[in-house]
Structures are given as structure tokens and as C-alpha cells.
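Chemist: Going down the list, the sequences are from chains A and B. The opening residue of the first sequence carries number 1 in the numbering used here; numbering runs sequentially from there. The opening residue of the second sequence carries number 1 in the numbering used here; numbering runs sequentially from there.
Some hints here could point you the wrong way.
On the chain B side, residues computed to face chain A include the following (Cβ under 7 Å) [claimed, not checked]: (1) 10; (2) 16; (3) 19; (4) 44; (5) 45; (6) 46; (7) 49; (8) 52; (9) 59.
Just a sample of chain A residues kept apart from chain B, beta carbon distances all over 12 Å, derived [unchecked claim]: (10) 5; (11) 34; (12) 38; (13) 45; (14) 52; (15) 54; (16) 68; (17) 69; (18) 70; (19) 71; (20) 73; (21) 164; (22) 181; (23) 189.
These aren't lab readings, by the way, just hints derived from the structure by calculation. A virtual CB, placed ideally from N, CA and C, is assigned to each residue, including glycine.
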Amino acid sequence: MTSGRDERTLIEACRAGETEAFGTLVQMYQDRLFPPLLRLTGCADDAADILQDAFLKAFQKLDDFHGESSFYTWVYRIAVNLALSDKRRNRRAPSSLTGTGDSAFLDPSDDPDRTDPAAPLELAERETIIQAALLELAPEFRAVVVLKDVDGLRYEQIAAILEIPIGTVRSRLHRAREELRNRLSSLLGDRGGRNDRPRPVAAIEGDLNKNTK
Amino acid sequence: MKPINDLLLAAYLDGEADSLERSRVDSALAADPALAARIRRIASTRDLIASMSRPACPLDLSQAILAKLAASPATDRLDRSSTDRRSAIVSRKRSRIITMISTRDRFVGFAAAIAAAAAAVLLIIAVAYRPNRPTDSNRLARVDSASKSASTRDAKSLFLRNPRSRLSAAQRVLQDTARSLELEDQERFAAALAAPTEAEIEHELSRESLVNILDRPASKRFVVAADKLDDSLRERVEEIIRDTPRKDPRYGRITIAPGAGFDPDHAAEEGVVFALAVDEPELKRLEASLKSKFNNQLIESRLDDALVARLAETDEVAIETGEPVPLVHHNPIAIASNEAEPASESRRPVLAESADATDHEASPVPDEPENAKRLAPTGVESRGRSTPTRRGLSKQKQLKERRSTAADSARDSLKGAVLDRGADLGRKAEEIDSDSAKSPAPKPIDSKALVDQPPDELSVVSGLNSVRIEKPAGFGDQRTQAAKPSTTIVIVEIVAASRKSSR
Numbered sequence: 001m002t003s004g005r006d007e008r009t010l011i012e013a014c015r016a017g018e019t020e021a022f023g024t025l026v027q028m029y030q031d032r033l034f035p036p037l038l039r040l041t042g043c044a045d046d047a048a049d050i051l052q053d054a055f056l057k058a059f060q061k062l063d064d065f066h067g068e069s070s071f072y073t074w075v076y077r078i079a080v081n082l083a084l085s086d087k088r089r090n091r092r093a094p095s096s097l098t099g100t101g102d103s104a105f106l107d108p109s110d111d112p113d114r115t116d117p118a119a120p121l122e123l124a125e126r127e128t129i130i131q132a133a134l135l136e137l138a139p140e141f142r143a144v145v146v147l148k149d150v151d152g153l154r155y156e157q158i159a160a161i162l163e164i165p166i167g168t169v170r171s172r173l174h175r176a177r178e179e180l181r182n183r184l185s186s187l188l189g190d191r192g193g194r195n196d197r198p199r200p201v202a203a204i205e206g207d208l209n210k211n212t213k
Numbered sequence: 001m002k003p004i005n006d007l008l009l010a011a012y013l014d015g016e017a018d019s020l021e022r023s024r025v026d027s028a029l030a031a032d033p034a035l036a037a038r039i040r041r042i043a044s045t046r047d048l049i050a051s052m053s054r055p056a057c058p059l060d061l062s063q064a065i066l067a068k069l070a071a072s073p074a075t076d077r078l079d080r081s082s083t084d085r086r087s088a089i090v091s092r093k094r095s096r097i098i099t100m101i102s103t104r105d106r107f108v109g110f111a112a113a114i115a116a117a118a119a120a121v122l123l124i125i126a127v128a129y130r131p132n133r134p135t136d137s138n139r140l141a142r143v144d145s146a147s148k149s150a151s152t153r154d155a156k157s158l159f160l161r162n163p164r165s166r167l168s169a170a171q172r173v174l175q176d177t178a179r180s181l182e183l184e185d186q187e188r189f190a191a192a193l194a195a196p197t198e199a200e201i202e203h204e205l206s207r208e209s210l211v212n213i214l215d216r217p218a219s220k221r222f223v224v225a226a227d228k229l230d231d232s233l234r235e236r237v238e239e240i241i242r243d244t245p246r247k248d249p250r251y252g253r254i255t256i257a258p259g260a261g262f263d264p265d266h267a268a269e270e271g272v273v274f275a276l277a278v279d280e281p282e283l284k285r286l287e288a289s290l291k292s293k294f295n296n297q298l299i300e301s302r303l304d305d306a307l308v309a310r311l312a313e314t315d316e317v318a319i320e321t322g323e324p325v326p327l328v329h330h331n332p333i334a335i336a337s338n339e340a341e342p343a344s345e346s347r348r349p350v351l352a353e354s355a356d357a358t359d360h361e362a363s364p365v366p367d368e369p370e371n372a373k374r375l376a377p378t379g380v381e382s383r384g385r386s387t388p389t390r391r392g393l394s395k396q397k398q399l400k401e402r403r404s405t406a407a408d409s410a411r412d413s414l415k416g417a418v419l420d421r422g423a424d425l426g427r428k429a430e431e432i433d434s435d436s437a438k439s440p441a442p443k444p445i446d447s448k449a450l451v452d453q454p455p456d457e458l459s460v461v462s463g464l465n466s467v468r469i470e471k472p473a474g475f476g477d478q479r480t481q482a483a484k485p486s487t488t489i490v491i492v493e494i495v496a497a498s499r500k501s502s503r
């Protein structure tokens, strides 16, 4: 019986040869780990495959896990590294976003603001555009922005997972957002109310110059 | 006052600014409404990304993963004693590294002797890293290879130290077990089965042969960047290796399992490495062929010894035979002819002729290809030298099939199978004893003997043509070990094109 046991107990059980306990660990974390991998790879099949590889690798290397970070962070790191090291997936065309089963992930039916029958289609299309923009980012920038803006991790957690300094997280995140902003200008222009409409870049730069004087 | 940059604003927006930074931004916001617009601008991008859906994993991976683990026979052992298994793996790796280091030391002298005749170069070609998902079979193989029983390892270790002793020991174990079977002692029978099978013997011989190939001191490395990493790429490289004539036509093909950590850049990927010995002209021809196929995607760098050490530790090893250089019988006085055999028609008959040469039979030299070609299919040579060749995947498959068939037979008649195997091993041990009595040298593993024994042929290299000339009678009195080896290890590694710029 493995349900109801905490992470540490489950890991010890795995080490003692209770393979079923590892299944419980997988169940605990697979749904949390899947979305960032989906956004890193742009393909549900690849994301699931990488996630499975990451868990298998974690199982094989369980003796290397000494608890310096949480098991979740450790597996997260393995999975992200697998995703980033996979150049073939990184080069995948944006159209592959809607690979097997992806359409189910884009179901917008729970969006209360949407009453237009065409809304699900628009939402799916918008998500495809955003995903395409993400895939155009260099992997190291994509990773930071996905971990922050998709998964909502703290800078410190991102730094731990990617094994980079927090300062690098900040700068990569800034650059990634800037690049995404340029690529997604059409969506950003249509998005939000009038008050939220972004100002022209020249105006922003003017402000910046004014502030630096 | 220091300006407020966008990095700080982003940190402020993300709640990651410290108290000092927050108060700075708050003050600036009160004084400059434009800052709010900048923050909104950052927020709009962030919120757009954050608005993407967060679907749950479409599969219950726990079931798939547990099924993978359960499908491996190794998991049973894992379940019984995972900790013991892991400890055993660690100690196994350590002992194997020690074995390999001592083997490397032992063969340095041999490499020197070979290098004296022809400046030998060791070439390792690593190809076809596969960043794609590992197949079920190699996932399982990965688990299985990490879970061999301690008894099998012990028996292998015994064999590595001395094949002849190992055969005798295995024979004794099986004979004892056969007797025990009459008493229905299943436990002892299981212990006997844990002794290395013929396939396992061949596997270890392949490994020993590989270590021999790998045992050259210097190293360099090529990287071939490619867009697509698949079997056809590996086959193209292997074709070049196979078709490039070499004095030592053998080459080792090593499969690097995902997660083996052979190359940190491809830690999670499967790879194939080819290891072969070539001299300088052969290396140049090989380089030219690789460059012609892969153009400017070929990159050269140094190779570190640790990498070579790990290669020799790899489980999946096969030794194949490529294209040999033309071999002619020649008067040693008239050595320098490179015109002897211009075309492939001459190669096969000459090799066949060589195989019959009594001169070779009189003084065999370990690890020479011609000798290797005459080895018994079992890979256990009658004089106790163990240098199997021409073993590849197909051979391994055959061996696996034979082993599987043997297992079926054993189920039908356990006692008969054990008795047969004991008798077979007994015959082999007797052959070894008999041949050892007839011909005391060379011993299976004896570095001094290897160094002292000169090669039985000279290689003369001129331009792009190489001619091997058999050693005349009496030439063996000359000692060549004083010459320094001029050896190089080269790795050609094929990786994704986008990696090229990062190297």
C-alpha cells in the first residue's frame, strides 16, 4: 500500500525495492510536470514521452538523489534537461503543436467570458500562435519564460532547476519577454481593454531616456 | 537617483524584488506615471503567456512506467533487494574499471610492438546519437544490463582473469550440479546456470578485444554535425569504416545506452561508437571519406582518457571485420613494392592463401587479423589466446537464439542439458590443456610475452598504398619493442547540426 505516504517515505520504499511506490510518486507529479514540458516541446506526445523518460531516469538514478532539493525539483530538472537537449524536438515545426490529443488540451469551455461560438477556435488559434512564438525562442530563454510564466515558479526555483544564477534568470526572462512581445505584437494589440493597450515602443523609449537624464 | 530599468520592473511585477527595490519602485511610480505604463507593458506579455492552458498529462504514466519496469526480468531481483543490487552494480563497475586499467597497462607494450612495424593509429568513431525516444527494447535492456546477478559477475570475473581456469571451474560446477540433480538439488543447478554461457564468454572476449583496440595512448576527436540522426547515418559511417582497407580490419561497434553518460552533451541519448586501429595513411583516407560524405560538418577536438575508459566499460560490444589491405607473400629483400595488388580481385585469394600458411601456424601472434580469422567460432582459440573477430549484431543474435533454444531444451531435460554442457566444457578444457602441453607459449594474458614477441609481419606504408609482407623465417629474433608508439585515438561523433556552433 503506497497511497497516503509522503514523498520521503515513498523514496525510501523505492530504494528498498518497492517499485509500486515509484508509481505513486509518478502519479503525484506527472500532472504538474506535464504543462511546462508541453510548452517547452510544443507537442503533447513528446512531452509525455520526455516525462516518462525523466521518471525512468529518476528511478535508475535514485541513489544519486540525496534530498538537497525536493524530489519534484529533481525530476523537474531531469525532465527540462531532457527537453532542452532534444534538438529534434526543439526544431519541431509549430504546426505539430496539435499533435495527437492536443486539441483536448485547448478546450476553452471553462472561460466564462466567452459566449461567441467561434471562441474555442479563436482561443485554440491564439494558443497555437503563442506556442509557435515560444518555440522560436532559443531553448535557454524559452525554458526561463515557460518556468516563470507558464508554471509560475519563483526565480529561485528556476535558478535551481536550470542551475543558473538568479541574475541570469532575471536577464533571460526579460529578454525572452521582449522577444515574445515583438513576435506577438498582433495578439498584444488586440488583447485587453483600451487602458491596457501598450504604448508605442518609441514612447516607452522616450520615457526611459527621460528617466535616465 | 538610479534609473529604474525593466529588469527591476519585471522583478517588481513578479513579486521578486526585495524590500529596498520595492520601495524604490514605489517612490518612482508616485513621481512618474509613465512607469506604470512600462509595468503594464511587461505584464501584458507575461499575462499572455500565462493565459495558455495547462492540461493534465493525457496518460497515467505510472502504469506505463511500472509496466516497463515489470516487463524486465531484472525487476524481480530489484524488488527483492534493490539496495543490494545497487551496491553490487557499484562494486561491479569499480572492479571492471580496475580490470580495464590493468589491461590497458598490459597492452601498452603490445601497442608499442605493433607501432614499431607500422605507426598505428587508433580511431574511434562515435555516431548517431539519438535524441529521440528510446525504444522499449533499449529501455528494458538498460534495466536488464544493470541487474546481472552477482554469481554471473563472479564467474565472468573469473573468466577475465583466466579463460582456461574459468572453463575448468565451470566444468566442475556443472558436473557437480549434474550429480546434484540426481538428488534434485535445484539450488545448485541454478548456481551452475549462473556460470557464463558460451554467448557470455564471447561477449567478454569481444570486450577484451575492444580493450585491446582502445589501448592506445594519444587521442583526438571528430564531431560530425548532422540534421537527422538515425540508423541510416550510422550505416553510412559504418560503410566507410568497413570499406576502408586497413591492416587490422577489425573494428569494434559499441552501443551506448541512453543514460550511460558517455558524453555529457548527450547524457540521455543512445549512441554508437566505432573503434578501430589505423595507421596514418589509413587515417587520412578515412578522414577524406568521412569529409566527402559529411563535408564540412566534421570537427576535430581532443578526446579525454576517461571517455575511452568508459567505452571499454560499455556492455553492448561487437567486433566486426572490415576490408583488409592486400596481403602478399613477399621476399623480405624486395620489400618496397606498392604495386603488388591493385584491385580487389587479388585480395580474397591472397588472404585465403595466407590462411594456409604454415609459417603463421608455427608462430601465432595474438590479435593479428589473419590469426583471428582462423579462430574457432566459439571465440576460444586452441592455444588459449582469445581474440574473437567477425562478431557483430547478427552473430550476437544467433548466439542469443542459440541460448534461448538451449534454455528450452533445458526445460525439457534439465539433467541432460547440464551433463552435455559439462561434457562440452570439459572437452574445451582438455583441448586447452592438450594444446598448452604441445605449445607452451603464448600464455593467454601475459604482458611480458606480448612485449617480447615481435610481430610476424612487417607493414610497409608508402603514399596511399599499403602492402603487408609476411615475416620471413628467423625474423622473429629481432626485438622491436624499443620503438615508441605513434598512436592516436580519434572519435567521430555525429550530432545535431545546431550543436556544431556550440563546440
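Chemist: Determine for every hint whether it applies to the structure shown.
Modeler: To see whether the hints hold, each was checked on the structure:
A hinted interface residue such as residue 10 of chain B counts as satisfied when its beta carbon comes closer than 7 Å to some beta carbon of chain A; here the least separation is about 6 Å, so the hint holds. A hinted interface residue such as residue 16 of chain B counts as satisfied when its beta carbon comes closer than 7 Å to some beta carbon of chain A; here the least separation is about 5 Å, so the hint holds. For residue 19 of chain B, the suggested interface contact is broken, since its CB lies about 16 Å from the closest CB of chain A, more than 7 Å. The beta carbon of residue 44 of chain B is positioned within 7 Å of a beta carbon in chain A (closest approach about 5 Å), and the interface hint is therefore held.
The interface hint given for residue 45 of chain B is met, as the beta carbon of that residue sits about 5 Å from the closest beta carbon of chain A, less than 7 Å. Because the closest C-beta pair between residue 46 of chain B and chain A is about 5 Å apart, less than 7 Å, the hint holds. Taking 7 Å as the C-beta cut-off, the interface hint given for residue 49 of chain B holds, the closest approach to chain A being about 4 Å. With 7 Å as the threshold, the beta carbon of residue 52 of chain B comes within range of chain A, its nearest partner Cβ sitting at about 6 Å, so the hint holds.
Of the supplied interface hints, the one on residue 59 of chain B holds, with its beta-carbon coming within about 6 Å of a beta-carbon of chain A, less than 7 Å. Annotated as non-interface, residue 5 of chain A keeps its C-beta farther than 12 Å from every C-beta of chain B; the closest such distance is 14 Å. With 12 Å as the threshold on Cβ separation, the claim that residue 34 of chain A sits away from chain B is violated: the shortest Cβ distance comes to roughly 4 Å. A beta-carbon of chain B is positioned within 12 Å of the beta-carbon of residue 38 of chain A; the least distance is around 7 Å.
With 12 Å as the threshold on Cβ separation, the claim that residue 45 of chain A sits away from chain B is violated: the shortest Cβ distance comes to roughly 9 Å. Not every CB of chain B is more than 12 Å from the CB of residue 52 of chain A (nearest about 5 Å), against its label as outside the interface. Listed as outside the interface, residue 54 of chain A is inconsistent with that label: its C-beta sits roughly 9 Å from the nearest C-beta of chain B, within the 12 Å cut-off. Taking the minimum C-beta to C-beta distance to chain B, about 19 Å, the non-interface status of residue 68 of chain A holds against the 12 Å cut.
Remark: the non-interface label on residue 69 of chain A is consistent with the geometry, its nearest Cβ contact in chain B lying 19 Å away (cut-off 12 Å). The Cβ of residue 70 of chain A sits about 18 Å from the closest Cβ of chain B, beyond the 12 Å cut-off, so the non-interface label holds. Remark: the non-interface label on residue 71 of chain A is consistent with the geometry, its nearest Cβ contact in chain B lying 14 Å away (cut-off 12 Å). At the 12 Å boundary, the C-beta of residue 73 of chain A stays outside the reach of chain B, the nearest C-beta of that chain being 18 Å off.
Every CB of chain B is more than 12 Å from the CB of residue 164 of chain A (nearest about 15 Å), matching its label as outside the interface. Separation of residue 181 of chain A from chain B is inadequate, the least Cβ-Cβ distance of about 5 Å not exceeding the 12 Å criterion. The Cβ of residue 189 of chain A sits about 10 Å from the closest Cβ of chain B, inside the 12 Å cut-off, so the non-interface label is violated.
Consistency note: the structure conflicts with the earlier hints numbered 3, 11, 12, 13, 14, 15, 22, 23.
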